[in-house]
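Chains as they are written, first to last, in the numbering used here: chain A, 1 to 388; chain B, 1001 to 1158.
Just so you know, these hints were derived from the structure itself, not from any lab. One or more hints might be untrue.
[Stated by the list, open to error] Only pairs whose alpha carbons sit at most 25 Å apart, straight line, appear in this in silico DSS-like list of lysine-lysine:
no., chain 1, residue 1, chain 2, residue 2
1, B, Lys1004, A, Lys223
2, B, Lys1152, A, Lys285
3, B, Lys1022, A, Lys309
4, A, Lys311, B, Lys1144
5, A, Lys204, B, Lys1032
6, A, Lys195, B, Lys1084
7, A, Lys223, B, Lys1152
8, A, Lys195, A, Lys263
9, B, Lys1098, B, Lys1032
10, A, Lys223, B, Lys1144
11, B, Lys1152, A, Lys204
12, A, Lys204, B, Lys1019
[Unchecked claim] Anything over 12 Å on all C-beta distances counts as not near chain A; from chain B, calculated:
no., residue
13, Leu1017
14, Thr1036
15, Val1057
16, Pro1093
17, Lys1099
18, Ala1100
19, Gln1130
20, Glu1133
21, Arg1139
22, Pro1149
All C-beta atoms in this analysis are idealised placements derived from N, C-alpha and C, irrespective of residue type, glycine included.
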Amino acid sequence: MYRETQILNSNTIAPTTARDLAMDEAGAGLVINVGPQHPATHGVLHLVITLEGETIKKIEPHLGYIHRSIEKMCESLSYRQFIYVTSRMDYLSAHINNHGCVLCVEKGLQLEIPPRAQVIRVLMDELTRIASHELWWGAMAMDLGAFTPFFYAFRERETINDIMEETCGTRLTMNYMVPGGVMYDIHPNFQRRVKDFIQLFNSKIDEYDDLVTGNIIFQNRTKGIGVLSREDAISFGCTGPVGRASGVACDIRKLYPYEVYDKVNFDEIIETAGDSYARYLVRIKELRQSVRIIEQLIDNIPEGDFQAKTKAVLKLPKGEFYSRVETARGELGVYIVSEGGTTPYRIKFRSPGFSNLSALDHMSRGCKIGDLMAIMGTLDLVIPDIDR
Amino acid sequence: MFIKEYISDVFKAVSSLLKGMKTTGSYFVRPKEIITQQYPDNRAHMKLPERFRGEVVMIHDENNEHACTGCTACELACPNATIKIITKFDTTPEGKKKKALDTFVYHLELCTMCNLCVEACPTSAIKMAQTFEHSVYDRNRLLKKLNQPGSKLRAGVE
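Please put together the full structure from these sequences, using the hints given.
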């Protein structure tokens, strides 16, 4: 009643902020802001949430707090230079972002990649995927109130970071992939250390299951929460573990195999429940599949060059090129329009996080505000990937 | 029937919690698996891998000679204008004028450690160093001149 009179009295003043707009639409509802600086959003994501009591009526994500215009920046960088910027999109799967870009450039140049470089690339991709899922597992458990898993996850992730540091030189933004192969050969210790890690990690996944997967509090907070049906997952364009948890077979590694993914045996994990628990299970099972891929490849790295011969200045022929890779979050598409010069005319990235976030409103309507953390945790959002 | 289910649920819940506590508790009696490093107390024996990218440095030998010809390949390869090469003209003994390096300006504050300059260098004059403690109080101190004073081009490097 008070709100109505307030609106009547102030109908000459146009609503200015997003919160005002949402309040006018909400009517009797309560509008709260989550973010941009909120610990559970893992980045600067601003959610305007309309509540009725404790029930979520509507969620409106507001983006742009970490927009760095990466696509525009790439237009002024050469085909060797723009790859390092893409590490900063989805910084948790930096290798795989770089992989998507070099695949697109190689498609334009029609380069043949040496088999050794292909295997090294796939190994790095899968190690990155494990590292990314580990961070998600720890951070998500922490969102739901469990603190110990965070340390356990980071302990194993540290081992991967050390392996990356030894071979690629940096820990997060590696810039290890170059058009034509990889920047330098693997470190002599690489194979031994990866094998040690795999041996350690197999026992640790069981520990993760004991600690979180079977936990009754965790199950009660995730089962049946944030259900996304198969049809909705397709229409929202959800890919990666979010899409596969809803029963969509959308693994690019299986659908459009690149590098040596068609030669290794692994299962595409598909769950049908579509709730937060299913998304959790898909990622935990994907950890084991990544380990399986690494186990098959680590002893079979072919001898030979790690880099194909390329010209000093790369020039893509006039035309449009598209490549897609499966990052830890879903499908990353790289679209390059070339006018024949040394820099791309236009670059577009189809990032998985953006599409997955768009389903958040649909998934969380009718849930309680406390469930939002479980839903957002299992969406595995990386905000720089959404904003770019 | 309801009460039976209720009680079994309670038992299942308690057992799942105990299972998790067992995992946590097992680390309590295995303190050797703690991997925390006490930085900066471990500085003396902390070793970074040789490929670690800390900052770009120019390699100088014992005669204070480097291999940089001032070709600006690294400047062109750099995506964020971190490197600026200032060249000068030296006079060779034959009386000819020859382009040579005057100052290798390196902006550490702009560098993203992408290693493209090191890859581009035709004479391997620069490399990545394993330093990482770059904090200073004044940002001007991050602007570095990589060639040492009085250094010159090594004979035979073209």
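Problem set entry | Numbers of the earlier hints that this structure fails to satisfy, in rising order | 2, 3, 4, 6, 7, 9, 10, 11, 13, 14, 19
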